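Starting from the known structure of chain A, arrange chain B on it as the hints suggest.
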Amino acid sequence: MKQRVTLNINGTEEEVYAEPWWSLAQVLREEFGLGGTKIACNTGDCGACTVLLDGKAVRSCLILAVKAQGRKVVTIEGLRGKDGGLHPLQQAFMEHFAVQCGYCTPGMILTAKSLLDENPAPTEEEVREGMSGNLCRCTGYAKIVEAVMAASARMRGEHR
Amino acid sequence: MHFKYLTPNTIPQAMALLARHKTRATVMAGGTDLVVKMRSRAIDPAYVVDLSNIPGLDFIDFNPRDGLNIGALASIRALETSTLVGKQYPVLQSAAHQLASPAIRNMATLGGNLCNASPSADMAPGLIALAAKARIAGPEGETFMPLEEFFSGPGKTALKAGQVLVGIQVPASQASMQAVYLKHARSSIELAVVGVAAGVILDSDGRSCKDVRIVLGAVAPTPMRARKAEAALLGKKLDDKAIVEAAEIAAGEARPISDVRASADYRTEMVRVFTGRALRVAAGIAS
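Respectively, the protein sequence lines represent chains A and B. Those letters in the first sequence? Residues 1 to 160, by the numbering used here. Those letters in the second sequence? Residues 1001 to 1287, by the numbering used here.
Simulated from the structure, these hints should not be mistaken for lab results. Just so it is clear, the structure is predicted and the values come from calculations on it, not from any experiment. Just so you know, even glycine gets a beta-carbon here, dropped at the ideal spot from N, CA and C. Hints may be right or wrong, so weigh each one.
[Stated by the list, open to error] Computed footprint of chain A on chain B, listed as stretches where at least three residues anywhere in the stretch have a Cβ under 8 Å from a Cβ of chain A: (1) 1013-1019; (2) 1046-1052; (3) 1102-1115.
[To be verified] Label-pair restraints from in silico Cβ distances: (4) A1158/B / E31/A: 47 to 53 Å; (5) G35/A / G1086/B: 37 to 43 Å; (6) G35/A / G1141/B: 21 to 27 Å.
[Claimed, not checked] Far from chain A, by Cβ distances over 10 Å, these chain B residues were calculated: (7) T1023; (8) G1086; (9) M1145; (10) A1175; (11) I1189; (12) E1269.
Isolated chain A (complex conformation) (with noise of 0.2 Å):
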């Protein structure tokens, strides 16, 4: 049976009736129409589904809708700059062609942006570490490296 399920996505308080297992990935994509998240592996292993869950970058495809009763989702939909427009890991992402075909790209902005909010200046050790569990089967990973490290430099200069 379907159950009530409020959730705040990228800002806005909603509701949805979910059945149990339905996944958050699932529902953001049919119910909310978000398909800036993937499904792809539906495993956990590849990234493509990820989304801030209270701010972590998490895989939605593991996470029952259910279970994200009351919490606080973004997805790539609801990730802005601050004048409203890009945010900085979105144009770097697009400055420095670190988009091939496109699909792991939400997955990718969205680990960096929780790597970023631990971690403002991180090394680029630390970046690949930290992007380690997105895969990018076009294999563009140098480019999406150089954009979350620009992004990083970038968001550092915004805040001085």
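Relative to chain A, chain B alone:
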């Protein structure tokens, strides 16, 4: 997947639900292992009892009398980033760091990693090396069980119907143990092909072995101590020769299977290699 999702607010409520539904119920913590198992139909429970609404299970605490207490719902990420754990029991910080990926570690819990009872569970060998005890709540009250007795087979624990793992305790005396966990895998996101924890307490002479534990993961139906290898080292001078011999004995004790990740022969050989490496690091004679 087709189940009722239950969210008890207290341990007694959780125990009552588990006692009522017995094998038809499964416990959820972070869910990172459980959802995968349910989706692949490896298990198909009628009831999922999610413990995450129960307050007081998500903590890490140290005091000199009890040692380290970790709540079952403490996340692997919390263990990885805890300065307390890093200072007193660095082997646990290192094991947490080697478990899956950052996003999994944000959700996955210590209790979940142990109750999932995978032979390759990354948190088990280091904790067993540190003589950790499982704190179990049950209808007859709270009991402690050595963690090495907690696992009864792949995916199986010693928990009886109605019992819940509520935490882990590591004795304060083990803070003097030099311990290390080495995971042999293609990358941390992979399951361990072989995992080895070695813990050593040296005598006051700084050379001979006062206490030693060697714990092997992914090479038997449960995490296992290499007791013959331990016995061969106890009281001996912990030099390269003794370590080479102990590693050989440990390889003989392992009971690995062949599967998609490695053959039994390869695992046996890797037990020898990684036991040697782990002991050298623990003994402070790593080259």
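Non-conforming hints, listed in increasing numerical order: 1, 4, 6 and 11
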